[in-house]
Amino acid sequence: MTKAELLRLAEEVAELADSKENKELQAWWDAREPGRFLYQIDPTIGMWSDILDFSLLEHYSDPITYAGNLFRIALYRFKEFGDVPLTKTINITFDAPFESCLFGMEWILSEHIEPWLGRKPAIANKEDLDKLGMPDFYKSGLMPLAHRYYQELREVLPEDFEVVFPGWRRSQFGVAWHIRGHNELLVDILDDQEFFHRLMDYLTDVAMDYCQKRADFLGREVEPTWLGNDEVNCPTVSPGMYEDLILPYEIKLAEFLGGLTNWHSCGDTTPLVHLIDRIPGLQTGYCGPWNDMRKTVEVLGKNNRPVYIGLNIVDDVLEADGAAQDRKIREIQETCADFVYWVRMGPMGTLNGPEADLPKIKEWVARAQRANPDYPVRRQQLGG
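In the numbering used here, the protein residues as written are 974 to 1357.
Since the hints were derived computationally from the structure, they do not count as laboratory data.
Careful, some of the hints might be misleading.
[To be verified] Straight-line alpha carbon distances no greater than 25 angstroms define the calculated BS3-like cross-link-like pairs of lysine-lysine that follow:
#  : residue 1 : residue 2
1  : LYS1052   : LYS996
2  : LYS1104   : LYS1093
3  : LYS1335   : LYS993
4  : LYS976    : LYS1052
5  : LYS1225   : LYS1275
6  : LYS1061   : LYS993
7  : LYS1225   : LYS1099
8  : LYS1052   : LYS1333
9  : LYS1093   : LYS1112
10 : LYS976    : LYS1061
11 : LYS1335   : LYS1052
12 : LYS1186   : LYS1225
13 : LYS996    : LYS1061
14 : LYS1052   : LYS993
15 : LYS1186   : LYS1112
16 : LYS1186   : LYS1104
17 : LYS996    : LYS1335
The task is simple: from the sequences and hints, build the whole structure.
What follows is the structure, encoded as C-alpha cells:
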C-alpha cells in the first residue's frame, strides 16, 4: 500500500466519522442506558486477513500497510455491521504475544493466522528468572517495531488522527503462563509457591515499569488498561488459587494505573466474579460464553458498570439457524434488561471460510437490529 492510498482511506474515515449517522451511533454508545442493546462484531486479525485478503506478513512489517488494513477493517465494519462508531484512531498492537516477547520469546507470523509464540520458554529453569532483568522500552522484543510504526504513522497521518502506542494488555499470570510454560507454572503453584510469587512480583514490576515508561514517552500520566486473562478460568484456576495467588497482583497493578478498562477471560469465570469485583477502578466487566449470565451481570454490572456479553461464536452465530440466533438475542435482552451491556461477537476466527461465515454474521446483525427497532443505523435485512 502506498502513502497516497493510505491517505485516501484516512480521508474516507474522517468523512464518515464526522457524519450525522456516526455521531448518532456514538451518542447511542455514550449514553450507557440500561437495557439498551449494543453489539460489537470482532473477528481476529487472522479472520480479517481472510475477509479482506491481505497478508499478515506485510501487515506486521510495514506500518503504512498496517494502518491501511485497519482503516479498511473499520470502514467494512461501519458499512456492513454498523456496530461501533468510526474514530480517527490507529491502535498499534502486535496481538497476544507482545508482552511475552519482551522477555525473548519468539514471535511467529504467518500469512493468515494471528501471531503467536514459539515453544521455547524464556524461563526454562528457575535460575533463568534472575537473568531476565527489566526489559528495555526501546530495544527489547517488539519495541523497535512499535517505535518505528508509531513514529512513521504520526508523520504520515493527518494531525487530527490519533496513533495509539502499544499498551500493556496481558495479565501477569498470562505472561507467566507464556514465558514459563503452562505445565511448569502449574507445577510451581503446587510445588514451589515461593518461586511463583517471585515470578508474579517480577512481572508486576515489569508491567508497572512499562506503563510508566510509556506514559513518560507520551508525556502523560499512567492510565487504566485492558487486561487479557484467558489463562484464568475454572476449573484451570480455583477461586482459592485466584484469590490467594493471582488477584493480589492484579489489584496492585490496578491501584498503580488508577483502574482497569476491562478484565477479560473467554473461559468460565462465574465462580470468580465476586473476586474480580474487588479490583479497584474496574470500568467494565466481562461475561464469557461459558459464564452464568445472570450471576455475572448481577455482580459485575452493579452501579451501571457496563458488562460485555460474549457470544459462543459457533453455537450462537456461525452454526446457529435463525431461530437459535433469535433465542440467544432474546435471552440476552431479558437477562440484561436492568443492566448496561455490550454484546461481543469475538474474538472470532474463521470457521468455514469467509464465503460461509460472513452470511451468518450478517444474518445475526439483521436479527439483532430487527429485535432492536430503535438502533440508530440499519445495515442488514432478513430476506423473505
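Quick rundown of the hints versus the structure:
1. LYS1052 <-> LYS996: Satisfied, since the Cα-Cα distance of roughly 14 angstroms is no more than 25 angstroms.
2. LYS1104 <-> LYS1093: At roughly 16 angstroms apart (the allowed maximum being 25 angstroms), LYS1093 and LYS1104 satisfy the hint.
3. LYS1335 <-> LYS993: Between LYS1335 and LYS993 the Cα gap is close to 23 angstroms, so the pair holds against 25 angstroms.
4. LYS976 <-> LYS1052: holds, 23 angstroms
5. LYS1225 <-> LYS1275: holds, 22 angstroms
6. LYS1061 <-> LYS993: holds, 15 angstroms
7. LYS1225 <-> LYS1099: Since the Cα atoms of LYS1225 and LYS1099 sit roughly 24 angstroms apart, the hinted pair holds (cutoff 25 angstroms).
8. LYS1052 <-> LYS1333: Roughly 17 angstroms separates the two Cα atoms, so the pair holds.
9. LYS1093 <-> LYS1112: The given pair, whose Cα atoms are some 21 angstroms apart, holds under the 25 angstroms limit.
10. LYS976 <-> LYS1061: This hinted pair holds, its Cα atoms lying about 17 angstroms apart.
11. LYS1335 <-> LYS1052: Between LYS1335 and LYS1052 the Cα gap is close to 11 angstroms, so the pair holds against 25 angstroms.
12. LYS1186 <-> LYS1225: Distance ~17 angstroms between LYS1186 and LYS1225 Cα, so the pair holds.
13. LYS996 <-> LYS1061: holds, 13 angstroms
14. LYS1052 <-> LYS993: Holds: LYS1052 and LYS993 sit about 14 angstroms apart, inside 25 angstroms.
15. LYS1186 <-> LYS1112: Roughly 13 angstroms separates the two Cα atoms, so the pair holds.
16. LYS1186 <-> LYS1104: Satisfied, since the Cα-Cα distance of roughly 21 angstroms is no more than 25 angstroms.
17. LYS996 <-> LYS1335: With Cα atoms ~23 angstroms apart, LYS996 and LYS1335 stay inside 25 angstroms; holds.
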